[in-house]
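S.K.: The residues making up each chain are set out below.
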Amino acid sequence: MGSVTATVGPPTDAHVTPWFRTFGAIVAAGFRRHATYRQAAVAGVVTNTVFGFLRCYIFLAATGAAGTVAGYDRAQLGTFVWAGQGLLAVIAIWGWTDLADRIRTGEVAADLLRPVHPVTSYLAVDLGRAGFAALARLVPPLVVGPLFFAVYLPRHWATVPLFLVSVLLAVVVCFGCRYLVNATAYWLQDVRGPMILWTLGSGVLAGLYFPLGFLPGWLEATLRYATPFPGILQIPLDVLVERESMPTNLGLVGLQVVWAVLLLALCRLVQRRAERRLVVQGG
Amino acid sequence: MNVIEMDGLRKEFTVRVRAGVLRREKRTVTAVDGVDLRVERGEMLGYIGPNGAGKSTTLKMLTGVLMPSAGQARVCGLRPVADRTRLALRIGVVFGQRSQLWWDLPLRESFDLLRHVYRVPAGAHAARLTRCRELLDLDAFLDTPVRQLSLGQRMRGELTAALLHGPEVLFLDEPTIGLDVVSKQAVRGFLAELGRAGDTTLVLTTHDLADIERLCRRLVVIDHGRVVHDGSIAELHRRYGSRRMVVAELDSALPEPPVLPGAPVQRVEADGRRLVFALERASVAEVVAGLAGLATLRDISIVEPDIEEVVTRLYASERKGPLLTPGV
Amino acid sequence: MEVRGALRAYRSLLGAQARSQAAYRTSFVVDLVGNLGATVFDVVTVLVIFGVTRELGGFTLRETLVVVGLSSCAFAAADLLVGNIERLPRYVRTGLFDAVLVRPLAALPQLLLMDLPLRKVSRAVFGLAVLLYALASAGIDWTPGRVALAVVAPPAGVVFFASVFVTTATVSFYWVDSGEMANSVTYGGRDFTSYPITVYGGWFRALFAYGMGFAFVSYHPALALLGRADPLGLPSWVGWASPGVAFVAATVAALAWRVGIRHYRSTGS
Chain A
1 MGSVTATVGP
11 PTDAHVTPWF
21 RTFGAIVAAG
31 FRRHATYRQA
41 AVAGVVTNTV
51 FGFLRCYIFL
61 AATGAAGTVA
71 GYDRAQLGTF
81 VWAGQGLLAV
91 IAIWGWTDLA
101 DRIRTGEVAA
111 DLLRPVHPVT
121 SYLAVDLGRA
131 GFAALARLVP
141 PLVVGPLFFA
151 VYLPRHWATV
161 PLFLVSVLLA
171 VVVCFGCRYL
181 VNATAYWLQD
191 VRGPMILWTL
201 GSGVLAGLYF
211 PLGFLPGWLE
221 ATLRYATPFP
231 GILQIPLDVL
241 VERESMPTNL
251 GLVGLQVVWA
261 VLLLALCRLV
271 QRRAERRLVV
281 QGG
Chain B
1 MNVIEMDGLR
11 KEFTVRVRAG
21 VLRREKRTVT
31 AVDGVDLRVE
41 RGEMLGYIGP
51 NGAGKSTTLK
61 MLTGVLMPSA
71 GQARVCGLRP
81 VADRTRLALR
91 IGVVFGQRSQ
101 LWWDLPLRES
111 FDLLRHVYRV
121 PAGAHAARLT
131 RCRELLDLDA
141 FLDTPVRQLS
151 LGQRMRGELT
161 AALLHGPEVL
171 FLDEPTIGLD
181 VVSKQAVRGF
191 LAELGRAGDT
201 TLVLTTHDLA
211 DIERLCRRLV
221 VIDHGRVVHD
231 GSIAELHRRY
241 GSRRMVVAEL
251 DSALPEPPVL
261 PGAPVQRVEA
271 DGRRLVFALE
281 RASVAEVVAG
291 LAGLATLRDI
301 SIVEPDIEEV
311 VTRLYASERK
321 GPLLTPGV
Chain C
1 MEVRGALRAY
11 RSLLGAQARS
21 QAAYRTSFVV
31 DLVGNLGATV
41 FDVVTVLVIF
51 GVTRELGGFT
61 LRETLVVVGL
71 SSCAFAAADL
81 LVGNIERLPR
91 YVRTGLFDAV
101 LVRPLAALPQ
111 LLLMDLPLRK
121 VSRAVFGLAV
131 LLYALASAGI
141 DWTPGRVALA
151 VVAPPAGVVF
161 FASVFVTTAT
171 VSFYWVDSGE
181 MANSVTYGGR
191 DFTSYPITVY
201 GGWFRALFAY
211 GMGFAFVSYH
221 PALALLGRAD
231 PLGLPSWVGW
241 ASPGVAFVAA
251 TVAALAWRVG
261 IRHYRSTGS
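Protein chains in written order, with my numbering: chain A, 1 to 283; chain B, 1 to 328; chain C, 1 to 269.
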């Protein structure tokens, strides 16, 4: 068993393997649970497709005679919009209130009794959900879009793998933000305020309503480096359409890693504070 | 005069069942399967049956929420779906698990709103509310928002809400479900009082047979959408051979259970010191006399037939097949 | 007498809804602000897009703002009055729908009044403000006809969007999980009407603009107000068709609602 002491369990195989097995099992359960909502997925795909048409036409109209706008050509905008519509469901940008609901009803106490840390288990469920969404929601717009619009196909061999990594990180970053927003329920009676702020802010700051490149340069840079929002949508999409060079793209994904780690750490911190409060005040 | 008439009332639902990965099959489920019933003014009718027997579906057809697939219904001489709004003025409805009240408003305001919704003259409204306040003890929580009421308090509010426009017929779907003993008593007492007055017809579905025993002279048992019994509770016992029991406590056990004519032993308990006899032809006196010669009696008690048991047996025999002829 | 009684009943339902929402004062204020934000961002999006282009589909920012104003004013007001009908599946699930059916009033007005989202008032006011600003700054050559159109077109748009909300909500009588799909026509229609339809192309434009009639909410009235010929070639009187189109839409919605309720009654979903 090696050097296992009473206080510190170093990450030996004996600890890590079961941890991964548990994590994997929760991911798989999350996937299966969401796979049962097939009709809702169909309805969602139809909606994403309609908005894909709308946004695509509007952004293309902005390219004017030059055929480019803010560093995107028409094909790049096509890919940006349609992949973005697919990603919306993968990152689950809106509508996740599971944690807040469980806090409000007090069911969250059951989560604390489990041997897995709440942040970890919610993240695992969310990754499972994202996995199903990647199949059911990301693929259809990527198929439909090119039938009606010119789209950009990545040229560098490393772009697609990097995009997939970036999407995974986007799910984690988005999850971290949603978890924090939901966790305000530990302190607030009604979480609609934070929820509304999140819904409004995330859509516009993540690059859904318009590519952030449409904003003045200083504002885009501030958003990029000082907030996690571009990391949930804009960065993966920019990586996919190769708006910038490969080294820059690697840097952007690195930025996502930083935000993912920061946010998860913050989630754990908030969770610990909340638990202490629960223990002291008895909910 | 009949307040409610149902002729061959029938309701079918089409459900889609997953039959493979993408294939779906349509299947027809008959919830109510040809019900004929007449209910007279002032009657109190208990409508019972197991889950999914078609009780609530029948009630929904009578109140205009659902359209019958076949057959027809008349309530107060009106067609429930076609004359829905006119009928609504003349009936009261309580769905046990659904609320008619305004969640965030004090009970008093819900009542006031219903006065406008049902266009009740202020005087009549006030008189009925006063009576309900007395009988249902509403005063303590009249100014509490509905969301803060206990289930029992809320149900008392629901009853009041359903009666404020002076309905001729009151439909109650599971009015005592989930209530504590005290609230159940209060609700039953109130409904019994309402029945005694005699001008309101009451139709009540329930799981709780105690509701029926307390309130309804007439009992309709429905199973698989069909009426399997329609009559008094006593008739039900008679038809399905439910018997009173005599429980005899003896000082010491007998070597073997005694044979008494007309009163077979049903159970032997407490190591033979407690014997349960079913009264078939024998009277209680005959059983006591017969036993007295064989053993020392410590105690004797008589158990009335249990309606729950009868109904369970009724459902079971219905399932097995046509052992019994369905009710009229 | 009968009608007056019913009106008084509806007014009471509205009052109850107002008092219910007043019970959550803080949330109400938060929602008021949040809902304002949603419409503000719609307008901001248009401004940002005009930050990178001088023209959109052949229209300048000032001209486009008239389109935006007509659209957001109509949508926000319709969303306030009728938008919550998208919660129909919830009404069915919680039994509110059945409760409404056993009352002596029409079902649709009851549902709308009992769940009227007063917090959306802020959006409607903002939408109106945008419209007024756009009309004032677009350099419109005001004639009596144009004044009349400016008065008639927004309510026609409200009726049109309200009809779209009701029609799409009836889909959930047949398909309970269709929730999000209605958004593609309601919110999709709002986005569609926020830009001149010259921006769109092909069958998609034909479907939304004339198949469903969204072109008559903002685009054609805006052309008539601005005195511009339609780049797509329709005559200028088409701008006046919006009340007629709204009437047709309302008829379709009423029909869809009736058929939907009948279906509910025969399936008891």
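The hints are simulated quantities; they were obtained by calculation from the structure and are not laboratory data. Everything numeric in this text was worked out from a predicted model, so none of it was measured. Every residue gets a Cβ at the ideal spot worked out from N, C-alpha and C, and that includes glycine. Among these hints, one or two may not hold up.
[Unchecked claim] Derived SDA-like pairs: lysine to any residue, alpha-carbon spacing no greater than 20 Å straight-line:
no., chain 1, residue 1, chain 2, residue 2
1, B, Lys26, C, Ser20
2, B, Lys184, B, Glu174
3, B, Lys26, B, Thr14
4, B, Lys26, C, Arg265
5, B, Lys184, B, Glu134
6, B, Lys184, B, Gln97
7, B, Lys26, C, His263
8, B, Lys184, B, Val228
9, B, Lys184, B, Gly231
10, B, Lys184, B, Phe141
11, B, Lys184, B, Arg133
12, B, Lys184, B, Arg244
13, B, Lys26, A, Leu142
14, B, Lys184, B, His207
15, B, Lys26, C, Val176
[Stated by the list, open to error] Listed next, with one range per pair, are the computed distances between beta-carbon atoms:
no., chain 1, residue 1, chain 2, residue 2, range
16, B, Gly166, C, Pro155, 49 to 59 Å
17, B, Glu308, A, Asp98, 49 to 59 Å
18, C, Val248, A, Leu113, 40 to 50 Å
19, A, Gln189, C, Leu232, 28 to 38 Å
20, A, Ala221, C, Arg93, 21 to 31 Å
21, C, Leu132, A, Val165, 27 to 37 Å
22, A, Leu113, B, Val265, 47 to 57 Å
23, B, Gly34, C, Arg93, 22 to 32 Å
24, A, Tyr225, C, Pro155, 15 to 25 Å
25, C, Arg93, A, Glu107, 15 to 25 Å
26, C, Val152, B, Ser150, 47 to 57 Å
27, A, Leu147, C, Leu232, 41 to 51 Å
28, C, Leu14, B, Ala126, 33 to 43 Å
[What the hints assert, rightly or not] Rough simulated footprint, nothing fancy, chain B against chain C, three-plus residues with beta-carbon under 8 Å:
no., region
29, 45 to 51
30, 57 to 70
31, 237 to 246
S.K.: Now look at each hint and say whether the structure bears it out.
M.R.: Hint check results:
1. B:Lys26 to C:Ser20: Judged against 20 Å, a Cα distance of about 43 Å means the pair is violated.
2. B:Lys184 to B:Glu174: holds, 11 Å
3. B:Lys26 to B:Thr14: Satisfied, since the Cα-Cα distance of roughly 6 Å is no more than 20 Å.
4. B:Lys26 to C:Arg265: Cα-Cα ~18 Å, so holds.
5. B:Lys184 to B:Glu134: Holds, at about 17 Å.
6. B:Lys184 to B:Gln97: holds, 15 Å
7. B:Lys26 to C:His263: holds, 16 Å
8. B:Lys184 to B:Val228: violated, 27 Å
9. B:Lys184 to B:Gly231: Not OK: Lys184 of chain B and Gly231 of chain B at ~24 Å, beyond 20 Å, violated.
10. B:Lys184 to B:Phe141: holds, 18 Å
11. B:Lys184 to B:Arg133: holds, 17 Å
12. B:Lys184 to B:Arg244: violated, 27 Å
13. B:Lys26 to A:Leu142: violated, 34 Å
14. B:Lys184 to B:His207: At roughly 13 Å apart (the allowed maximum being 20 Å), His207 of chain B and Lys184 of chain B satisfy the hint.
15. B:Lys26 to C:Val176: holds, 17 Å
16. B:Gly166 to C:Pro155: 49 to 59 Å: violated, 41 Å
17. B:Glu308 to A:Asp98: 49 to 59 Å: Since Glu308 of chain B and Asp98 of chain A have Cβ atoms about 41 Å apart, the given range 49 to 59 Å is violated.
18. C:Val248 to A:Leu113: 40 to 50 Å: violated, 59 Å
19. A:Gln189 to C:Leu232: 28 to 38 Å: violated, 53 Å
20. A:Ala221 to C:Arg93: 21 to 31 Å: violated, 47 Å
21. C:Leu132 to A:Val165: 27 to 37 Å: violated, 49 Å
22. A:Leu113 to B:Val265: 47 to 57 Å: holds, 52 Å
23. B:Gly34 to C:Arg93: 22 to 32 Å: About 30 Å separates the Cβ atoms of Gly34 of chain B and Arg93 of chain C, which means 22 to 32 Å holds.
24. A:Tyr225 to C:Pro155: 15 to 25 Å: violated, 47 Å
25. C:Arg93 to A:Glu107: 15 to 25 Å: holds, 20 Å
26. C:Val152 to B:Ser150: 47 to 57 Å: Check passed, 54 Å falls within 47 to 57 Å.
27. A:Leu147 to C:Leu232: 41 to 51 Å: Given a distance of about 24 Å, which is not inside 41 to 51 Å, the answer is violated.
28. C:Leu14 to B:Ala126: 33 to 43 Å: violated, 24 Å
29. 45 to 51: violated (count 0)
30. 57 to 70: n = 0 at 8 Å, threshold three: violated.
31. 237 to 246: violated (count 0)
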